[in-house]
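Visitor: Chains as they are written, first to last, in the numbering used here: chain A, 1 to 544; chain B, 545 to 671; chain C, 672 to 915.
These aren't lab readings, by the way, just hints derived from the structure by calculation. There may be inaccurate statements among the hints.
To be verified - Listed next, the stretches of chain A that the computed footprint assigns to chain C, with coverage defined by at least 3 CB atoms under 8 angstroms from CB atoms of chain C:
| hint | region |
| --- | --- |
| 1 | 195-201 |
| 2 | 233-242 |
| 3 | 256-264 |
Said to hold, decoys possible - Heads up, simulated SDA-like pairs for lysine to any residue below, C-alpha to C-alpha not over 25 angstroms straight-line:
| hint | chain 1 | residue 1 | chain 2 | residue 2 |
| --- | --- | --- | --- | --- |
| 4 | A | K490 | A | F45 |
| 5 | C | K789 | C | A881 |
| 6 | A | K237 | A | H344 |
| 7 | A | K237 | C | P837 |
| 8 | A | K237 | C | I865 |
| 9 | A | K237 | B | S630 |
| 10 | C | K789 | C | H862 |
| 11 | A | K342 | A | T383 |
| 12 | C | K782 | B | G560 |
| 13 | C | K782 | B | L563 |
| 14 | A | K490 | A | W422 |
| 15 | A | K237 | C | K782 |
| 16 | A | K490 | A | F425 |
| 17 | A | K237 | C | H803 |
| 18 | C | K789 | A | A224 |
| 19 | A | K237 | B | A656 |
| 20 | A | K237 | B | L563 |
| 21 | A | K490 | A | P9 |
| 22 | A | K237 | C | F790 |
| 23 | C | K782 | B | S630 |
| 24 | C | K782 | B | T590 |
| 25 | A | K237 | C | R839 |
| 26 | A | K237 | C | K789 |
| 27 | C | K782 | C | N759 |
| 28 | A | K237 | B | L660 |
| 29 | A | K237 | C | H728 |
| 30 | A | K237 | C | Q801 |
| 31 | C | K782 | A | P9 |
Unchecked claim - To list a few chain A residues with every Cβ distance to chain B over 10 angstroms, as calculated:
| hint | residue |
| --- | --- |
| 32 | G48 |
| 33 | A49 |
| 34 | G302 |
| 35 | Q310 |
| 36 | A314 |
| 37 | V317 |
| 38 | G343 |
| 39 | T373 |
| 40 | H379 |
Note that CB positions come from ideal geometry on N, CA and C, so glycine has one too.
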Amino acid sequence: MTTELLAPPERNYLSAGYTARSWLLTVDHKRIAILYMVSITLFFFVGGAAAVLFRLELMTPEGDLVISETYNKLFTLHGIVMIFLFLIPAVPAVLGNFLVPLMIGARDLAFPRINLLSWYLFMLGGALVMWSTFVGGVDTGWTFYTPYSSTYANTNVMLAALGAFVTGFSSILTGLNFIVTVHTMRAPGLRWFRLPLFIWAHYATSLIMILGTPVVAAAIFLVALERGLGIGIFDPKLGGDPLLFQHLFWFYSHPAVYIMVLPSMGVVSEIIACFSRKRIFGYRFVAMSSMAIAVIGFFVWGHHMFVSGQSVYAGLVFSFLSMLVAIPSAIKVFNWTATMHKGHVWLSTPMLYALGFIGLFTMGGLTGLFLATVAVDVHVHDTYFVVAHFHYIMVGGSVMGYLGGLHFWWPKITGRMYPEWWGRFSAVLVFFGFNLTFFPQFVVGYLGMPRRYHTYPEEFQIYNVMSTAGASILGVAYLIPLIYFIWSLKYGPRATANPWDARGLEWEAASPPITQNFETTPIVTTDAYPYAEDEQRTEETLLV
Amino acid sequence: MAAHVTSSRSCYIVFGALLVLLVLTVIAAGIENHTLGIIVALLIATVKALLIIVYFMNVRFADWVTRLAVAAGFVGLIVLLAFMMSDYLTRDPVDEIETSPVTRAAPEAFEALALLHPEAFAPGISV
Amino acid sequence: MTGHVAHHFDDAEQQFHAANLGMWIFLATEVMFFGSLFAAYTAYRYMFPEAFVAGSHSLDVVMGTINTAVLLLSSLFVALAVNAAATNRSRAAAGFLVGAIVMGVVFLGIKAVEYADKFAHNHVPGAHFQFHRESEGEHAVDGEHHVSVNESAIPGGDFQAGHNSPDRTLEKRVELFFSLYFAMTGLHALHMVIGVVLLGIVAYQAWRGAYSQTYFTPVEVSGLYWHFVDIVWVFLFPLLYLIR
Ligand SMILES: [Cu+2]
Numbered sequence: 001m002t003t004e005l006l007a008p009p010e011r012n013y014l015s016a017g018y019t020a021r022s023w024l025l026t027v028d029h030k031r032i033a034i035l036y037m038v039s040i041t042l043f044f045f046v047g048g049a050a051a052v053l054f055r056l057e058l059m060t061p062e063g064d065l066v067i068s069e070t071y072n073k074l075f076t077l078h079g080i081v082m083i084f085l086f087l088i089p090a091v092p093a094v095l096g097n098f099l100v101p102l103m104i105g106a107r108d109l110a111f112p113r114i115n116l117l118s119w120y121l122f123m124l125g126g127a128l129v130m131w132s133t134f135v136g137g138v139d140t141g142w143t144f145y146t147p148y149s150s151t152y153a154n155t156n157v158m159l160a161a162l163g164a165f166v167t168g169f170s171s172i173l174t175g176l177n178f179i180v181t182v183h184t185m186r187a188p189g190l191r192w193f194r195l196p197l198f199i200w201a202h203y204a205t206s207l208i209m210i211l212g213t214p215v216v217a218a219a220i221f222l223v224a225l226e227r228g229l230g231i232g233i234f235d236p237k238l239g240g241d242p243l244l245f246q247h248l249f250w251f252y253s254h255p256a257v258y259i260m261v262l263p264s265m266g267v268v269s270e271i272i273a274c275f276s277r278k279r280i281f282g283y284r285f286v287a288m289s290s291m292a293i294a295v296i297g298f299f300v301w302g303h304h305m306f307v308s309g310q311s312v313y314a315g316l317v318f319s320f321l322s323m324l325v326a327i328p329s330a331i332k333v334f335n336w337t338a339t340m341h342k343g344h345v346w347l348s349t350p351m352l353y354a355l356g357f358i359g360l361f362t363m364g365g366l367t368g369l370f371l372a373t374v375a376v377d378v379h380v381h382d383t384y385f386v387v388a389h390f391h392y393i394m395v396g397g398s399v400m401g402y403l404g405g406l407h408f409w410w411p412k413i414t415g416r417m418y419p420e421w422w423g424r425f426s427a428v429l430v431f432f433g434f435n436l437t438f439f440p441q442f443v444v445g446y447l448g449m450p451r452r453y454h455t456y457p458e459e460f461q462i463y464n465v466m467s468t469a470g471a472s473i474l475g476v477a478y479l480i481p482l483i484y485f486i487w488s489l490k491y492g493p494r495a496t497a498n499p500w501d502a503r504g505l506e507w508e509a510a511s512p513p514i515t516q517n518f519e520t521t522p523i524v525t526t527d528a529y530p531y532a533e534d535e536q537r538t539e540e541t542l543l544v
Numbered sequence: 545m546a547a548h549v550t551s552s553r554s555c556y557i558v559f560g561a562l563l564v565l566l567v568l569t570v571i572a573a574g575i576e577n578h579t580l581g582i583i584v585a586l587l588i589a590t591v592k593a594l595l596i597i598v599y600f601m602n603v604r605f606a607d608w609v610t611r612l613a614v615a616a617g618f619v620g621l622i623v624l625l626a627f628m629m630s631d632y633l634t635r636d637p638v639d640e641i642e643t644s645p646v647t648r649a650a651p652e653a654f655e656a657l658a659l660l661h662p663e664a665f666a667p668g669i670s671v
Numbered sequence: 672m673t674g675h676v677a678h679h680f681d682d683a684e685q686q687f688h689a690a691n692l693g694m695w696i697f698l699a700t701e702v703m704f705f706g707s708l709f710a711a712y713t714a715y716r717y718m719f720p721e722a723f724v725a726g727s728h729s730l731d732v733v734m735g736t737i738n739t740a741v742l743l744l745s746s747l748f749v750a751l752a753v754n755a756a757a758t759n760r761s762r763a764a765a766g767f768l769v770g771a772i773v774m775g776v777v778f779l780g781i782k783a784v785e786y787a788d789k790f791a792h793n794h795v796p797g798a799h800f801q802f803h804r805e806s807e808g809e810h811a812v813d814g815e816h817h818v819s820v821n822e823s824a825i826p827g828g829d830f831q832a833g834h835n836s837p838d839r840t841l842e843k844r845v846e847l848f849f850s851l852y853f854a855m856t857g858l859h860a861l862h863m864v865i866g867v868v869l870l871g872i873v874a875y876q877a878w879r880g881a882y883s884q885t886y887f888t889p890v891e892v893s894g895l896y897w898h899f900v901d902i903v904w905v906f907l908f909p910l911l912y913l914i915r
């Protein structure tokens with residue numbers, strides 16, 4: 001292993017070209033991952049800015065900062081941008097793009113040009129959403145519910161919906177690329193049950209991308225026909241059923257939660273194995289639980305429609321099936337915990353994020369069981385309880401996984417180390433700020449504060465002030481990594497090929513890797529995570 | 545490379561079969577029973593689709609991965625149809641156990657609101 | 672023709688396999704995309720069986736049947752083109768592909784005539800939509816004016832029925848049928864147009880002799896797409912034109 005190699009390879013993927021053209025027309029999966037990284041970071045701060053504004057508004061019970069229409073547009077912008085332009089592509093399109101070929105010993109994804117096309121589609125969708133914002137905004141909420149979106153809303157629904165539609169195709173192409181790549185381009189000897197769990201997670205995610213996304217695309221297509229051409233598919237005046245839109249929408253949008261969280265679970269598996277110096281406990285169960293989550297995820301969408309007029313019988317079936325998701329999720333949590341048991345746990349920055357993921361995801365998952373219970377959901381539906389729940393899953397889960405993975409593979413991606421002390425500090429700060437923001441929302445939601453209103457009774461103020469204070473801390477905690485990551489590009493110490501002494505083919509490539517990834521195609525002879533044989537290695541031997 | 549493709553002879557035979565099935569489905573449209581009619585029509589369409597998939601699209605020479613990909617879309621569609629229709633097919637009895645009257649009256653209330661306050665629904669109002 | 676193997680693949684076999692699998696996965700997403708429209712169709716046909724019968728009767732079965740045959744013939748041409756390309760007859764493949772393209776254009780032409788007819792009869796959903804049961808259908812439905820609708824299945828569904836005559840209600844429901852008709856056939860036609868362009872490019876390459884036993888991936892893959900569009904129509908035809 002080339003651990004002593006401190007200088008980066010002369011011709012790595014970053015030095016392959018410095019012109020704008022060499023970036024914008026690249027077909028190298030690693031460069032496309034960087035393009036995605038820059039774009040989603042920008043969108044993240046756009047969505048975050050909207051959140052800052054409405055969190056400020058919610059400091060006081062009266063509507064004093066913005067009027068209700070503006071408030072509606074702010075939370076809609078926050079939802080659309082964060083979901084379609086940040087969370088969905090975050091881990092798969094950045095870390096997945098970069099790592100899937102590296103981890104399976106391939107030179108690129110199966111369709112490099114389609115990969116580039118998917119980035120352009122993503123940017124086109126993002127541009128449409130931004131455009132819709134600049135010309136006045138959208139107020140339907142990210143869910144585009146009919147008949148409001150199709151008939152009554154007089155904001156720029158078409159532009160934003162078209163944006164979501166186009167980014168959907170970007171995500172389909174990413175999923176298609178991953179599936180074909182994993183099937184056809186694994187290195188010799190890399191059998192299915194030798195694949196890193198990151199790959200299993202991305203394979204499962206890709207299944208949702210290709211089977212779920214077209215359904216929401218069709219739903220948006222029908223809304224566009226109705227709004228643009230006066231063709232009435234969901235129009236109650238013709239006897240159309242607005243709930244049909246919700247069926248099609250949630251058929252995708254429930255599994256979409258797993259598009260956001262499954263890849264992060266893959267990241268967490270890699271991090272925990274590395275920083276516990278142990279093979280993942282129950283590898284096959286963790287791999288199969290990813291597949292199970294992806295499959296069961298398609299059978300549960302009706303839990304979003306318990307109180308919207310869906311048949312009670314269908315509601316009961318959906319309720320029961322929703323509970324089933326807890327089983328594979330729990331398998332993962334227990335197996336990660338068991339992996340750490342008696343391991344040489346090192347609380348590095350990525351590990352702190354992974355531990356944060358486990359805690360927050362568990363909270364989010366357990367409160368999900370409340371919501372999957374019809375009787376409880378009737379009480380807390382459309383309250384802040386729901387808002388808190390899905391932020392625990394999507395921010396506590398997905399974003400923690402993304403940040404953890406970014407720190408873990410930062411040396412591989414850039415060839416530089418980030419400052420470890422600042423990393424740990426911001427990881428702890430994120431965890432603290434997150435909980436201060438969202439835990440009070442469970443309480444205030446349970447007490448009955450509905451979501452999506454910009455005014456509220458005075459007795460709820462204390463919870464909202466806590467929430468806003470937490471959001472301020474969270475905002476700072478997200479800015480710190482942004483600053484030190486950029487700092488590290490120039491001043492960070494050079495990274496070795498394998499600074500964490502981790503296992504996996506990506507660590508056998510140089511840091512940063514050459515354009516072709518490997519000098520020679522690697523041959524795999526062991527299962528994933530062969531950490532056990534060198535247990536004597538401890539924290540001291542690792543480069544800090 | 546494995547150049548396994550359907551022979552021209554088989555192509556013509558399959559085309560013939562497809563035409564026969566087309567005639568059959570038009571004739572079967574004479575069935576007066578709504579339910580039986582739709583079942584027959586869908587059965588014939590499925591057979592036609594299978595002929596095209598297996599012969600024209602060369603799936604009979606394909607490996608298991610490709611076959612899985614072929615099946616995936618249809619399995620997903622069946623899930624969508626089955627679970628969505630489980631809602632529509634069981635909505636009737638909901639009446640008897642009295643679901644929320646608010647939900648059922650929502651469109652009506654909305655229309656009434658629009659009559660009372662047309663300005664709130666007029667295009668062009670903005671922030 | 673080793674020049675056809677892209678740098679990141681090991682050999683032509685792997686490349687062919689990847690392209691083929693990629694197209695099949697794309698078609699799986701297409702199944703779900705069209706499938707969503709079929710799902711909408713299923714829900715509404717269950718709710719409003721009579722409106723669907725009435726709407727269907729105003730469609731031209733003869734045109735629909737001819738169009739189905741035309742599309743099946745185009746699929747035959749594509750299958751023969753793949754066969755020709757795989758047996759080193761690139762020029763013959765080009766010929767078959769042109770045949771398929773011509774059939775595709777014929778299909779779109781007939782479709783255009785049907786659409787024009789819908790515009791002429793105000794059967795296009797929107798402000799000008801009109802539908803009169805007596806004058807439209809050769810078959811008036813059971814002579815009765817009662818419209819059996821699973822009203823309770825629609826939240827607020829009885830609200831319109833309360834203010835309107837049964838005929839007016841039926842007209843609304845038929846408008847819904849035509850909304851689906853245009854959404855589904857329109858989307859299908861859009862796919863046909865893309866397919867015609869795709870086959871055109873491949874036909875040109877085939878005519879230049881680009882394909883052989885060792886390399887005919889583009890013919891195979893674009894053929895898969897074309898067959899898929901054909902399969903969608905195979906289902907659309909009975910579901911839209913042949914309802915009793
Ligand atoms: Cu859900």
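Visitor: Hint by hint, say whether it matches the structure.
Guide: Results of checking the hints against the structure:
1. 195-201: violated (count 0)
2. 233-242: holds (count 9)
3. 256-264: violated (count 0)
4. A:K490 - A:F45: holds, 23 angstroms
5. C:K789 - C:A881: With a Cα-Cα distance of about 44 angstroms, the restraint between K789 of chain C and A881 of chain C is violated, given a limit of 25 angstroms.
6. A:K237 - A:H344: violated, 65 angstroms
7. A:K237 - C:P837: With Cα atoms ~14 angstroms apart, K237 of chain A and P837 of chain C stay inside 25 angstroms; holds.
8. A:K237 - C:I865: violated, 34 angstroms
9. A:K237 - B:S630: holds, 24 angstroms
10. C:K789 - C:H862: Within the cut-off at roughly 21 angstroms; holds.
11. A:K342 - A:T383: Distance ~42 angstroms between K342 of chain A and T383 of chain A Cα, so the pair is violated.
12. C:K782 - B:G560: holds, 24 angstroms
13. C:K782 - B:L563: This hinted pair holds, its Cα atoms lying about 20 angstroms apart.
14. A:K490 - A:W422: Holds, at about 16 angstroms.
15. A:K237 - C:K782: violated, 29 angstroms
16. A:K490 - A:F425: holds, 21 angstroms
17. A:K237 - C:H803: holds, 18 angstroms
18. C:K789 - A:A224: holds, 21 angstroms
19. A:K237 - B:A656: Cα-Cα ~13 angstroms, so holds.
20. A:K237 - B:L563: violated, 41 angstroms
21. A:K490 - A:P9: Between K490 of chain A and P9 of chain A the Cα gap is close to 17 angstroms, so the pair holds against 25 angstroms.
22. A:K237 - C:F790: Holds - the C-alpha atoms of F790 of chain C and K237 of chain A are around 22 angstroms apart, at most 25 angstroms.
23. C:K782 - B:S630: Not satisfied, since the Cα-Cα distance of roughly 35 angstroms exceeds 25 angstroms.
24. C:K782 - B:T590: holds, 23 angstroms
25. A:K237 - C:R839: Holds, at about 11 angstroms.
26. A:K237 - C:K789: holds, 22 angstroms
27. C:K782 - C:N759: This hinted pair is violated, its Cα atoms lying about 36 angstroms apart.
28. A:K237 - B:L660: Holds. K237 of chain A to L660 of chain B sits at ~18 angstroms (cutoff 25 angstroms).
29. A:K237 - C:H728: holds, 23 angstroms
30. A:K237 - C:Q801: holds, 15 angstroms
31. C:K782 - A:P9: Violated. K782 of chain C to P9 of chain A sits at ~60 angstroms, over the 25 angstroms cutoff.
32. G48: Non-interface label on G48 of chain A holds, nearest chain B Cβ at 21 angstroms vs cutoff 10 angstroms.
33. A49: holds, 17 angstroms
34. G302: violated, 7 angstroms
35. Q310: Check fails; 5 angstroms does not lie beyond 10 angstroms.
36. A314: Label violated. Min Cβ-Cβ 4 angstroms, cutoff 10 angstroms.
37. V317: Violated, since 6 angstroms does not exceed 10 angstroms.
38. G343: With a cut-off of 10 angstroms, G343 of chain A remains clear of chain B, as the shortest Cβ separation is near 36 angstroms.
39. T373: holds, 18 angstroms
40. H379: holds, 13 angstroms
Hints 1, 3, 5, 6, 8, 11, 15, 20, 23, 27, 31, 34, 35, 36, 37 from the earlier list are contradicted by this structure; the remaining hints agree with it.
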